[in-house]
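Student: For the sequence shown, the numbering used here begins at 46 and goes up steadily by one.
Treat the hints with caution; some may be incorrect.
As a list, the in silico DSS-like pairs of lysine-lysine whose alpha-carbon atoms are at most 27 Å apart [claimed, not checked]:
no., residue 1, residue 2
1, K287, K340
2, K287, K176
3, K141, K176
4, K340, K163
5, K324, K74
6, K133, K176
7, K287, K228
8, K324, K340
9, K74, K133
10, K340, K74
11, K133, K163
Hints were generated in silico from the structure; no laboratory data involved.
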Amino acid sequence: MGRDLAYVALVVSDTDTTAQVLGRELGLKRNDLDDGTGQRLPVFAIGESALALFPQGHPGVGGETRPGVHHIALGVDHIDDGLAVAEKAGVSAFGKPETGLGGRRRVALSPDQTAGIKTWLTERVSIDRAKAPLIERLDHLGIASADNQAGIAAWSHRLGCPIESQQTDMEVMIPVESFTSDKHGVVYHSRAPIPVGGLRVAFITVGDTDLELLQNFNPQQRGVVDHGSAGTTRQDQGAIAKFVASRGPGLHHVAMKTPDINAVLRGLDAAGVPGIDKKGRPGSRAGLIGFVHPKGTGGVLFHFDERPG
46 MGRDLAYVAL VVSDTDTTAQ VLGRELGLKR NDLDDGTGQR LPVFAIGESA
96 LALFPQGHPG VGGETRPGVH HIALGVDHID DGLAVAEKAG VSAFGKPETG
146 LGGRRRVALS PDQTAGIKTW LTERVSIDRA KAPLIERLDH LGIASADNQA
196 GIAAWSHRLG CPIESQQTDM EVMIPVESFT SDKHGVVYHS RAPIPVGGLR
246 VAFITVGDTD LELLQNFNPQ QRGVVDHGSA GTTRQDQGAI AKFVASRGPG
296 LHHVAMKTPD INAVLRGLDA AGVPGIDKKG RPGSRAGLIG FVHPKGTGGV
346 LFHFDERPG
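Based on the sequences and whatever the hints tell you, model everything.
Tutor: Structure below.
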């Protein structure tokens, strides 16, 4: 279980806008698949997985109207066999099997048993693939987490997905005192660092990507979200805390792995997709990261990651 991430379902406010970003600007291969109701939806191949675009209110996302990352779909050969494996692992169905993307049968899993991550099992969907020059694959799916250990218990201990790594992201302030004399010059004294923002992070491998569990390091700190400024760890903490407070734990953003993050950010900016980060900044796993603003992508938060491996 968890070795095949069939697709990630995105709820978008403007299908054409998101499709243009993924297809024309990022070079991902577009497929148009039956949505289970007789309509066709754009699905973009990325690595061994795909990004499926659902309009607001679509029955395939339970009528959800808020744009964002809605659910992930794990690929299985046969839905009944896949569900039996999940139930044996302690994860039960949430409803009955139905027809989903590509005309394949699918069934939802209980979100209470997947740490709040909306997850479906789906019979494997046939997708045409082609390499994109600046996008290698999904790097990770960001999860706003209330409890990383609950996520690890669900996805690693029960479903058998390996833990790739764990880390702590911290932003600190170093107070500096100065003593300035007209006779004796200036003396500077640095005090102990003061944490101003942080996240506990765990990466769990699912398919050819990872779930990135992001938990507020200090619940007494809510962080800040300074709109219009480049991202920082403190702002990342604020975004996660705000999401959990308003929506509960769940899927937060999509990260794509690229060999040249600055080229991607420049290209998107030139195409009218505003960047939260204008250039790559240090991030997880010894990488450079950069976010683009959801208002330019149909309401979905994307970021890009350039890192070794």
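Student: Confirm or reject each hint.
Tutor: Against the structure, the hints:
1. K287 / K340: At roughly 18 Å apart (the allowed maximum being 27 Å), K340 and K287 satisfy the hint.
2. K287 / K176: violated, 36 Å
3. K141 / K176: violated, 36 Å
4. K340 / K163: holds, 24 Å
5. K324 / K74: The hint holds at about 25 Å.
6. K133 / K176: violated, 37 Å
7. K287 / K228: violated, 51 Å
8. K324 / K340: holds, 18 Å
9. K74 / K133: The hint is violated at about 36 Å.
10. K340 / K74: Judged against 27 Å, a Cα distance of about 23 Å means the pair holds.
11. K133 / K163: The hint holds at about 19 Å.
Of the numbered hints given earlier, the model fails hints 2, 3, 6, 7 and 9; all others are met.
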